[in-house]
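Heads up: the protein sequence lines correspond to chains E and F, in order.
Just so it is clear: in the first sequence, position 657 is 1156 by the numbering used here, and no numbers are missing.
Just so it is clear: in the second sequence, position 509 is 1008 by the numbering used here, and no numbers are missing.
By construction, these hints were calculated from the structure, which means they are not laboratory data.
A few of these clues could be false.
The list treats identical chains as interchangeable, and a pair is accepted whether it falls inside one copy or across any two copies.
Stated by the list, open to error - With a straight-line cut-off of 27 angstroms between C-alpha atoms, the simulated BS3-like cross-links for lysine-lysine are:
1) Lys887 <-> Lys743
2) Lys632 <-> Lys891
3) Lys795 <-> Lys624
4) Lys1002 <-> Lys902
5) Lys905 <-> Lys891
6) Lys524 <-> Lys887
7) Lys905 <-> Lys894
8) Lys777 <-> Lys891
9) Lys1001 <-> Lys772
10) Lys501 <-> Lys1019
11) Lys609 <-> Lys777
12) Lys905 <-> Lys609
13) Lys1112 <-> Lys795
14) Lys810 <-> Lys777
15) Lys891 <-> Lys620
16) Lys795 <-> Lys1073
17) Lys515 <-> Lys891
18) Lys887 <-> Lys576
19) Lys810 <-> Lys887
Each chain, written out:
Protein chains: 2
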Amino acid sequence: MKNIEMNWELGHHTGKEQTPEQWVKANVPGNAQLDWARANDYPDFHFGDNYKQWVWMEDCYWTYQTVLDLPNDVEGKKVFFQAKGIDYECEIYLNDQLLTHHTGMFSEVKVVLNPYMTEAKNQLKVIVFPVPKSHHNSYDRSQADHTAKPAVSYGWDWHPRLIPSGIWDEARCIVIGPQAVKSLLVDYELDLQQRMAQVNMEVSYWGGNFWDGSYLLEVLDEGKCVKEIRFNGNTSSFELADLKLWWCVGQGDPFQYDFVLTDLETKQQISRKVAFRKVALVMNEGAYERTNTFPKSRSCPPVQMELNGQKIFLKGTNWVNPEIFPGTITDARYHELIDLALEANMNILRVWGGGIVNKDAFHQYCDDKGMLVWQEFPLACNNHPDDKQYLKVLKSEATAIVKRLKQFASTVLWCGGNELFNSWSGMTDQSHALRLLNSVCFEHDSNTPFLPTAPVMGMGHGHYAFFDEDTQQDVFQWMFSADCTAYSEFGMPSPAFENTIKKIIPAEEQFPPSPTEAWKAHHAYDAWTEKTWLNAHIIEQFFGKSEDLSTLVARGQQLQRIGYQCIFEAARQKQPYCSMALNWCFNEPWPTAANNSIIDYDNQIKPAFYGIKDALRPVLASAQFQRFSYDAGEWMEMDLWMLNDGAQQFDGLNMTIEVCFGEESQEQYWNGIAVKSFENTVGPRLRVKIPQHHQGLFNIKLKVENHSALDSYYELMVKPMEKWKDAIAVLNI
Amino acid sequence: MKNIEMNWELGHHTGKEQTPEQWVKANVPGNAQLDWARANDYPDFHFGDNYKQWVWMEDCYWTYQTVLDLPNDVEGKKVFFQAKGIDYECEIYLNDQLLTHHTGMFSEVKVVLNPYMTEAKNQLKVIVFPVPKSHHNSYDRSQADHTAKPAVSYGWDWHPRLIPSGIWDEARCIVIGPQAVKSLLVDYELDLQQRMAQVNMEVSYWGGNFWDGSYLLEVLDEGKCVKEIRFNGNTSSFELADLKLWWCVGQGDPFQYDFVLTDLETKQQISRKVAFRKVALVMNEGAYERTNTFPKSRSCPPVQMELNGQKIFLKGTNWVNPEIFPGTITDARYHELIDLALEANMNILRVWGGGIVNKDAFHQYCDDKGMLVWQEFPLACNNHPDDKQYLKVLKSEATAIVKRLKQFASTVLWCGGNELFNSWSGMTDQSHALRLLNSVCFEHDSNTPFLPTAPVMGMGHGHYAFFDEDTQQDVFQWMFSADCTAYSEFGMPSPAFENTIKKIIPAEEQFPPSPTEAWKAHHAYDAWTEKTWLNAHIIEQFFGKSEDLSTLVARGQQLQRIGYQCIFEAARQKQPYCSMALNWCFNEPWPTAANNSIIDYDNQIKPAFYGIKDALRPVLASAQFQRFSYDAGEWMEMDLWMLNDGAQQFDGLNMTIEVCFGEESQEQYWNGIAVKSFENTVGPRLRVKIPQHHQGLFNIKLKVENHSALDSYYELMVKPMEKWKDAIAVLNI
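Next comes chain E alone, as it looks inside the complex (with noise of 0.2 angstroms):
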């Protein structure tokens, strides 16, 4: 195999039939309009509302062109170039001839230039089209509605109206047999009692079809080779024994073999990590004792996961693109949010349908690290059509992505997309794009269970506040009596930190902060309300009027903190009927003013990564309040929990519950408690009087001895002094 440098270079025009005016230097992997950025000395995108300035690129033809010097010795071999995806419709030309007309940003695109290659100078072309819309009667996701490109870029409460185009992810040019084997693709049935696999290999040649080779495959555990299959054709199946699972964080090692392939003919060899794991959707427990008055319904779909037999609490987040140009992200850039996925504790990374399919990178690592991947299909808060053409690219692209990725364990859960069977998208069971989906998956990874979408009925989304000012209540008060099987998506929005806002916002804006176009460019205002992201009165409402932008950050992201860890905690309360809380969102794909992210752009960390970090272990102790704020004088009641989703198990423990309200404390106790494995312990309900005297903040430890890693830490709020009062009405005109 011989790789071909490639230099590539791009421009752009208006016509198909056009050629661009001005050439500049491509990166491939990477974006189109980037790379014109900066050849040409745009402003940073970032700061202000300046991306508004980039938006003309969205209907540019862009034309990437590259000189490919061949070998004159191609005798045998062909010359293949493969692009993992270009972003979103494209041509591809050798020496002005039409190789092949692609669309989809997630298949694999491979041709074969043998046919047109002369001997000079070959000049390889691919012409990218302008970015997909259904439509121009507004600016905004819906125009995405018949694409499977990721309707984020459109526009999102949290991401700014820019739409990627190019070659986004890896392309080369190589000279290869066409015999050569490309992938090993490796499927099983697993008995779990047994610990044995029926395991099916098939091999994939670069010229497409099957030449019968012959192969030695070696399975080998850390090194060790474990089985030895000898086989001719391009399939084979045996049976692997004594098998080592792969385990997700928390419940195991995230155990890999290492499959070797050598065509015995050739001596090439290829190899890859194989892991093995039975996973499943099964009934959430007490599910069918709710729906037993007549006339009956059904009862609410199974959302608990089950992996080698093991239930798990599902506790994660919701992963959405770490940059807003897909082609720049790095494994680097993977690598470093996954381990802090991991350092909080999450066992689950939803990747959400409005964003991008992760590159192999993504995935490898999370198979590494065992952390559980639960993929969505790039469909998100739209109503796509049944549409033949729409599907037909929906097919190849469901097709192409259920094929890469049923290839690594940590793929647990196949989504259609976000939100779909709600109003604001408009689709329904029905829905030809979602039984497409579900007959892709089922066809391809019938062994990896299918959601149509999240949320399912009894899958719970929202709130996305600290205090929701239709209902009057604050989190601690929804969660007291919300009863979901899953909380998929719950928000809790903050600033962000000072240094960011003053990297994105201009200096004479920054305080106090007011919708301005920068300010909105960020999402602090109009996102999704007029007031959020940043809802600066709902932070005025507990703590009065902030002085300085520090002071204002500092107190927003402690209510997100405090809101975070509440809702965690309370879903882990309502194990087992509950299985699943996952929060909006964990990072971010820009510099945002104000979001609901816990790790900002520049992976600076937010109080509230801690506040989940400290609910997430998987033994605790915990408490349930029932509001967030007290009046001086009244009883508060507190439920007390250990909480605990792993197999560990304790005996005997006691807690000590000191409620501090400033300098004066008091001490409650709940001695001698059992904590099982993968089980909770229900503890008291406590009282404490709150007293006269008190106002703002209060706090709450629970400690338990000997064991300080079980610790909690909690804050409440003896409603606002009366001299906020003024401050807040000014604020809530």
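Take the given structure of chain E and dock chain F to it, following the hints.
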């Protein structure tokens, strides 16, 4: 084409390799058990508990055999044995040579006999295997969980344990050229706006493979040719404009074209009917608005039928096998029952998944008459497993079912099966069988909606009683507050007619009824609960002790009429959020002693039939009551409606409401009523004072001036007299 006469005989044996000791004449189509019993003078299985004498026949092999008198001149032709349905697993032999092994009663068996034909007589043998049972731990429907055989035969609360076997649908032996046309398959995409269809035809041949013939297709509209197409090959497409659509009863004509295909070489001609309709399940009005608080779940799935762009209220019933032994069902049996459903103003039959998939005659008659069909696959109240062998059979059966029934316009809804998502079944959205069925339907008939099961979320099944002893509510009470998108099952039991009871219950046991073997065998006791379906104690709770059988029957059948009328009208009053009401059940497969059916086995019409017929008139005056029984002296409330599920309109209607307590009557009025097409009109809530002295039934008449066809009539009750209380106490023990 030449038909070879077949004279079948059959016998049973215990091992597959054995041969029968006794041969008896066999009817084809028919069922082995019936033939055996007839030849051996078994007593009528309808009487007493005689059916138990048949049960051993489940576990036999049954061999059918016939000697074929084959012509000498088959050169260039083939001899086919074709059976439309063999129940359930079989092997077919010619002259003791195995031709095929087949599993599944709904897929055609077609074999070529030529390879093993001899000059002498040819012996054709069909060995039918013992009925499939997945286990022997219990003696019930769960034994059918690994098969695609209808579970009802394994015993149900209205069906004895009698499991048929044999050649149950048409079978023939014919001599024909392999390139002769076997059928013409028609698919289309319909453009409602343009009143145009894009029609795709496919010619299929006896030989299975494709020949490239030359054909003429003529499209006839009542004999007049409206389109002529000449084509070569086996597929062709054309547009049909100025389309006449197929409508269901009550909404328009069930128009069908005749398609006549002529093979221009052989002059062979085949013709079939083709009807055009567009069907969808769309969101029920208001369903999106019902999940408005955080955390937000999804909305209930759509179950509102839309036919040719018009939303249709589905009013109908649950259809069950009209015979225990499906081989005996004649075209006439189908026709007489469907005619009765039409007479009851019904527009849909739910072909319940516990029973068989019907023969073509059923579907053709539904097409002819405009009766919609909700077709379930043979899964009901079982946990059909993710088992590869089961799924393989299910796939071939389902594919055959879909390809056959999609050719009928009346097939408007596919459904995985009955109550699969409830605790007593234990299947879920993740069950492979249901994901498979969704895929099969999507692949072969994506233009017809698919439900995984009924009930889906929002739909209701039940109750199956006039009075619920758990909640102490009568049917008026729970229907007043019920809030389902669809009522796809609800029952109301009644005793059978006196003449039937006298035919099936030994004389000495007939009155008073008691839980003897004969009454239990016919589902009067121990069917669902100890006291169903006779529910004598509920009849007595309202009417007091019945002095003879005819009084008990009359009272029980009166409660059935009142209850069914209440539910059907209540469902229609809840339109448009509610879009469907289907009672459980229409007919019955044998004479029961008590059942929820409204037509008995002998086609005797229960009073409930007429109550339903009235409740399902397109337009009617209607009242909603909050309870069935009232205290003397209290105020009764009633809400008035004009119901309308069709295109008719009225203006300025005047209604008189007459409430009669024996001789004494009160009148109130609702005047100047406008009735718009496809829309109910809500009237006032009236209040009526129950007289102090009245006891027992009283009635309400809604009389529409000059439109007596819209009048309605109700019966309610003033609570039972003191003197009955003792009797009730005794019965309730």
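Each hint, compared with the structure:
1. Lys887 <-> Lys743: Classified as between: cross-chain Cα gap 25 angstroms, same-chain 44 angstroms, threshold 27 angstroms.
2. Lys632 <-> Lys891: within (17 angstroms within a copy, 42 angstroms between copies)
3. Lys795 <-> Lys624: neither (62 angstroms within a copy, 48 angstroms between copies)
4. Lys1002 <-> Lys902: neither (42 angstroms within a copy, 64 angstroms between copies)
5. Lys905 <-> Lys891: Both, since 21 angstroms and 23 angstroms are each at most 27 angstroms.
6. Lys524 <-> Lys887: neither (38 angstroms within a copy, 55 angstroms between copies)
7. Lys905 <-> Lys894: both (16 angstroms within a copy, 24 angstroms between copies)
8. Lys777 <-> Lys891: between (31 angstroms within a copy, 22 angstroms between copies)
9. Lys1001 <-> Lys772: neither (45 angstroms within a copy, 74 angstroms between copies)
10. Lys501 <-> Lys1019: Neither: 50 angstroms inside a chain and 81 angstroms across chains, both beyond 27 angstroms.
11. Lys609 <-> Lys777: Classified as neither: same-chain Cα gap 33 angstroms, cross-chain 40 angstroms, threshold 27 angstroms.
12. Lys905 <-> Lys609: within (21 angstroms within a copy, 39 angstroms between copies)
13. Lys1112 <-> Lys795: between (41 angstroms within a copy, 25 angstroms between copies)
14. Lys810 <-> Lys777: Classified as within; 12 angstroms inside a copy, 44 angstroms across copies.
15. Lys891 <-> Lys620: Cα proximity of lysine 891 and lysine 620: none, with 36 angstroms in one copy and 55 angstroms across.
16. Lys795 <-> Lys1073: both (24 angstroms within a copy, 17 angstroms between copies)
17. Lys515 <-> Lys891: within (23 angstroms within a copy, 49 angstroms between copies)
18. Lys887 <-> Lys576: neither (38 angstroms within a copy, 42 angstroms between copies)
19. Lys810 <-> Lys887: The answer is between: 24 angstroms across copies meets 27 angstroms, while 40 angstroms in one copy does not.
Violated hints, listed in ascending order, are 3, 4, 6, 9, 10, 11, 15 and 18; each of the other numbered hints is respected by the structure.
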